[in-house]
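Kindly generate the complete structure, drawing on both the sequences and the hints.
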Amino acid sequence: MTSLHYLTLAYALVWLGLGIYMIQLNRRIQRVHGDLVELRERMERAGRS
Amino acid sequence: MTRNDAAAARSMRVNEDRPARASSNWGRALLISKIFDFTAIPLILAGLYLAFLYAPRESTMGDVQRIFYFHVPFALNSFLAFGVVLVASIGFLLRGKRSWDETALAAVEVGFLYCTLVLLTGPVWARSAWGVWWTWDARLTSTLILWLIFASYLFLRTYMADDPRMRRYAAVLGILGALEVPIVYYSVQWFSTQHPTTFITERGKLDPQMAMVLRFTLIAVLILGIALFWKRRLIGRLEEARDRLLADVEERELR
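Just so you know, the sequences run in chain order Y and U. The numbers in my numbering rise by one with no breaks, and the one at position 46 of the first sequence is 46. The numbers in my numbering rise by one with no breaks, and the one at position 125 of the second sequence is 125.
These aren't lab readings, by the way, just hints derived from the structure by calculation.
Covered stretches of chain U (in silico footprint by chain Y; criterion: 3 or more residues with CB under 8 angstroms from a CB of chain Y, positions within the stretch not fixed):
(1) 56-70
(2) 112-123
(3) 232-238
Since the model is a prediction, treat every value here as computed from it, not as a measurement. Here a beta-carbon is modelled for each residue, glycine too, at the ideal position from N, C-alpha and C.
If you want it as structure tokens, here you go:
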């Protein structure tokens with residue numbers, strides 16, 4: 001493998017790693033935000049009854 | 001209605017309003033997170049274009065020198081993130097507020113990720129320049145120690161019970177790690193190292209086009225770091241709000 005191949009491989013790994021981290025953060029935000037919405041609904045139901 | 005009844009009624013109205021206000025705050029925070037995404041991603045793509053296609057080929061190293069357009073910004077922005085860790089950890093030890101601790105944790109995650117990328121991209125250049133992937137040079141070794149300190153910070157937070165004692169230990173470790181940053185930065189001046197302090201062209205100076213690309217990627221990586229930090233901090237705030245709301249819901253359902 002030439003140094004250009006290593007360079008391409010390193011860049012691919014860098015952006016793959018960053019992309020995975022960003023997707024994982026977005027998923028966590030969606031999940032916790034979903035939990036909050038659900039809890040707010042439960043709160044409203046408990047308040048009505 | 002007595003004064004106490006009026007106060008209770010006011011308090012109930014405030015509590016009822018709180019979810020609506022919180023909802024709009026979260027909506028704004030999520031929107032800002034998306035704005036950061038839509039700013040950072042095009043900037044990074046433009047940075048890649050500039051690094052690979054616009055910047056001139058370096059005279060001695062050839063194409064492998066192009067690793068520097070992201071290696072250096074990752075390093076400098078990881079130092080910046082560890083600076084935030086220092087301030088937030090000191091803030092937590094002085095004030096004891098959870099928000100300081102969450103800020104430190106978010107900054108550690110971004111700084112650690114960037115530091116990992118520095119350690120991943122550096123050897124690609126080292127292999128071409130020195131013929132080896134790794135050498136126990138002062139800059140490389142101190143960077144590895146910095147990485148290990150923050151790896152242990154994340155291990156501590158993952159495996160120790162989530163209590164105030166753990167948060168204090170983490171803050172102390174965060175401060176120790178951040179204090180290592182000047183050692184990493186000045187290691188090329190304090191010790192005799194192989195690691196370059198700068199890279200040169202035939203004229204012995206950084207080419208203006210190269211300098212422009214480096215400045216651009218520095219800003220792009222900084223904005224990406226802010227985007228990641230914002231998201232990680234938002235998760236902490238959402239989790240805190242969820243835990244509080246869960247306690248309220250359980251209390252109300254039991255009544």
